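S.K.: Below, each chain spelled out in residue letters.
Protein chains: 2
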Amino acid sequence: MDLDRRDLLLAAASTALLSSGIAHAAPDRPLGYAIVGLGMYGLGVIIPQFANCAHSRLAAVVSGDPAKARRVAAEHGLPESAIYSYETFDRIRDNPDVDIVYVCLPNSMHAEYVIRAARAGKHVMCEKPMAVSAAECVRMIAACKAANRKLMIGYRCHFEPFNLEAMRLARSGAAGRIRYVRSEHGFIQGDPSKWRLRRALSGGGSLMDMGIYALQAARYMTGEEPVAVQALESTDRTDPRFHEVEDQIDWQLLFPSGAVAGCKSMYSANQNHIIAVGDKGRIELEPATRYDGNHLWTGRDGREHETTSPPPGPGRTQFAGQLDHLAECIASGREPIVSGEEGLRDLRIIEAIYRSAREGRRIEL
Amino acid sequence: MDLDRRDLLLAAASTALLSSGIAHAAPDRPLGYAIVGLGMYGLGVIIPQFANCAHSRLAAVVSGDPAKARRVAAEHGLPESAIYSYETFDRIRDNPDVDIVYVCLPNSMHAEYVIRAARAGKHVMCEKPMAVSAAECVRMIAACKAANRKLMIGYRCHFEPFNLEAMRLARSGAAGRIRYVRSEHGFIQGDPSKWRLRRALSGGGSLMDMGIYALQAARYMTGEEPVAVQALESTDRTDPRFHEVEDQIDWQLLFPSGAVAGCKSMYSANQNHIIAVGDKGRIELEPATRYDGNHLWTGRDGREHETTSPPPGPGRTQFAGQLDHLAECIASGREPIVSGEEGLRDLRIIEAIYRSAREGRRIEL
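The listed protein sequences correspond, in order, to chains A and B. Residues 1 to 365 (the UniProt record's numbering) make up the first sequence, in order. Residues 1 to 365 (the UniProt record's numbering) make up the second sequence, in order.
Heads up, a few of these hints could be off.
[Unchecked claim] Covered by chain B, according to a simulated footprint, are these stretches of chain A (three or more residues, beta-carbon under 8 angstroms):
{"id": "1", "region": "200-212"}
{"id": "2", "region": "234-242"}
{"id": "3", "region": "248-260"}
{"id": "4", "region": "266-277"}
{"id": "5", "region": "290-302"}
{"id": "6", "region": "357-364"}
Simulated from the structure, these hints should not be mistaken for lab results. These numbers come from a predicted model, not from an experiment. We put the beta carbon where it would ideally sit given N, CA and C, even for glycine.
Throw the hints in and build the complete structure from the sequences for me.
M.R.: As structure tokens, then:
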């Protein structure tokens with residue numbers, strides 16, 4: 001990557017962060033979301049969050065399970081015409097109640113449904129990781145651009161008050177010059193039949209699922225884009241959970257300022273942690289990126305001061321902030337702070353992490 | 001490294017750890033130490049610790065500064081005959097008050113003074129890192145063996161109650177199967193004229209000085225020997241402190257069980273931390289390896305339980321435990337738990353870390 005491009009990305013990242021607290025023009029009515037995929041996240045996490053939104057509402061559901069779809073629609077007062085299967089999904093173009101399609105499907109299906117949504121004339125929110133390859137991300141961005149629709153990635157931490165405050169502290173020099181960031185994200189995967197453990201659906205293991213939080217943290221705590229990556233994987237392939245995807249993967253990122261990030265994800269231990277260490281102190285989050293209950297500390301050598309009440313984020317919850325942000329961007333014509341380009345940046349790095357682990361060597365970005 | 005050799009090392013490491021709490025035969029009189037090097041560590045840290053020892057006493061000083069040597073000798077009631085310069089050092093063979101020579105010199109002088117001490121018929125304690133190369137370590141071990149003298153490395157953490165308890169917890173399965181260890185050790189080097197920043201004296205930068213604690217932690221918390229290493233260095237060579245040695249260095253170690261360690265040392269930020277994460281919980285030390293004031297936590301996901309009173313170590317302080325251990329080993333004929341071989345193991349890994357960082361690739365051990 002040449003310096004000009006790097007500077008541009010740095011500037012873009014800064015702008016995104018700084019603008020995250022700025023109120024956008026609100027839409028004159030709540031925008032309608034169609035939730036694609038009624039799994040644990042779409043149904044269990046996202047749909048209940050519309051109750052916390054100011055500018056967003058549930059307008060349709062898309063599911064392969066007609067009974068579940070009918071039940072959810074009934075619970076939320078949606079008409080029969082707001083229920084789609086994967087086969088009838090493209091007809092969503094004719095539903096003026098739906099402004100945005102939120103793709104909560106397994107990773108390998110993101111590209112197809114984002115592109116179909118854009119072609120149906122809808123704006124798109126896509127869960128992270130954006131796709132299973134950078135090439136898919138490029139096609140998704142192009143499809144949304146061609147349709148003149150917004151594309152945003154579900155990076156909820158950019159709307160989470162403790163993470164936002166940690167970013168602000170890092171940018172303000174509260175810890176001095178950031179020398180390194182460390183982040184580990186993992187949990188114990190129990191059920192070997194989960195789609196996240198099937199490569200054809202997930203595109204990869206703990207890195208795709210949890211590691212992307214550590215990667216994001218490295219980037220948003222430094223405010224820089226990495227120039228080199230080095231990775232090491234450790235997976236017990238005899239473990240039935242890990243026949244197809246990696247368990248542990250560790251990677252180091254080198255940033256232009258000389259800062260280094262040491263990141264890790266795994267499916268065989270619990271950990272959820274971010275620390276940024278500068279030459280004047282540190283900023284630490286643990287748990288760092290949970291749905292709630294995150295903690296933030298600053299200090300010179302340890303957890304000397306806890307920030308219990310960070311400035312509120314842009315929404316009543318991180319999820320509501322995320323959902324409303326896209327609605328506001330559509331109303332105001334702005335780009336989302338976590339756009340398709342942001343998702344693509346992560347996938348390019350993720351591909352380099354996997355390649356480095358496979359080849360046992362440092363990869364320049 | 002073949003599997004048999006690895007098993008042997010593992011067994012040796014386990015035995016060392018398990019035996020660390022066992023009382024050894026005590027010598028019938030306190031053994032006499034000659035302190036070589038009256039710098040910050042030898043004079044400021046070690047000499048005051050004889051007051052805490054049961055089996056060790058100060059018997060001589062070796063210094064290039066005659067006035068300082070006379071002052072220290074007077075303060076501790078040593079006769080004129082207990083004062084040596086580097087030129088007269090070899091005459092220490094004729095001093096029956098001196099049983100052990102403790103080498104507290106800059107790293108590049110360790111080999112010479114350990115070998116001269118062994119040739120003078122003295123047992124030897126040598127500060128860490130044992131030397132500036134594995135080749136030197138081999139010669140040092142050979143010299144002590146030829147003289148039939150004990151050689152121990154000043155790995156004080158093996159006598160520090162919080163670290164000992166953390167090792168015991170890790171071995172006992174308190175955190176389940178250890179999946180990874182992470183350790184960072186660093187502080188802000190202020191004075192560019194320090195010997196630790198001169199390669200000819202130090203042999204390397206933060207890795208040689210502080211990184212060796214992280215490396216030790218990775219080994220003693222897993223109880224395993226690494227089979228591969230991958231490292232990345234980040235140093236601002238325009239910084240006058242870092243014209244000759246590295247600032248930040250990150251490295252990953254892969255262990256035979258599949259556990260991974262992510263380690264780091266630096267001279268541009270403060271950090272002193274060890275965490276071992278298993279599939280049932282975690283064991284965390286912060287600060288981890290200070291002279292005092294270390295803290296130990298266990299928990300499932302966080303710092304849920306603090307161990308404020310670990311079982312006492314083998315000495316009144318970690319330093320006294322270390323000093324007396326060698327005296328006891330001499331009396332009982334046992335090998336020190338942190339012998340020259342232990343120092344050599346670290347130097348071999350350190351050389352691989354530097355090589356990996358230089359070549360940008362994984363090095364098999």
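S.K.: So, for every hint listed, does it hold in this structure?
M.R.: Comparing the hints with the structure gives:
For the region 200-212 of chain A, the stated coverage by chain B is not satisfied: 0 residues place a CB nearer than 8 angstroms to a CB of that chain, which falls below the threshold of 3. For the region 234-242 of chain A, the stated coverage by chain B holds: 3 residues have a C-beta nearer than 8 angstroms to a C-beta of that chain, and at least 3 were required. For the region 248-260 of chain A, the stated coverage by chain B holds: 7 residues have a C-beta nearer than 8 angstroms to a C-beta of that chain, and at least 3 were required. With a cut-off of 8 angstroms between beta carbons, the region 266-277 of chain A has 7 residues touching chain B; three or more are needed, and the interface restraint holds.
Only residues whose beta carbon comes within less than 8 angstroms of a beta carbon in chain B count, and the region 290-302 of chain A has 3; three or more means the coverage holds. Closer than 8 angstroms: that is the beta-carbon criterion, and the region 357-364 of chain A has 3 residues meeting it against chain B, so the requirement of 3 holds.
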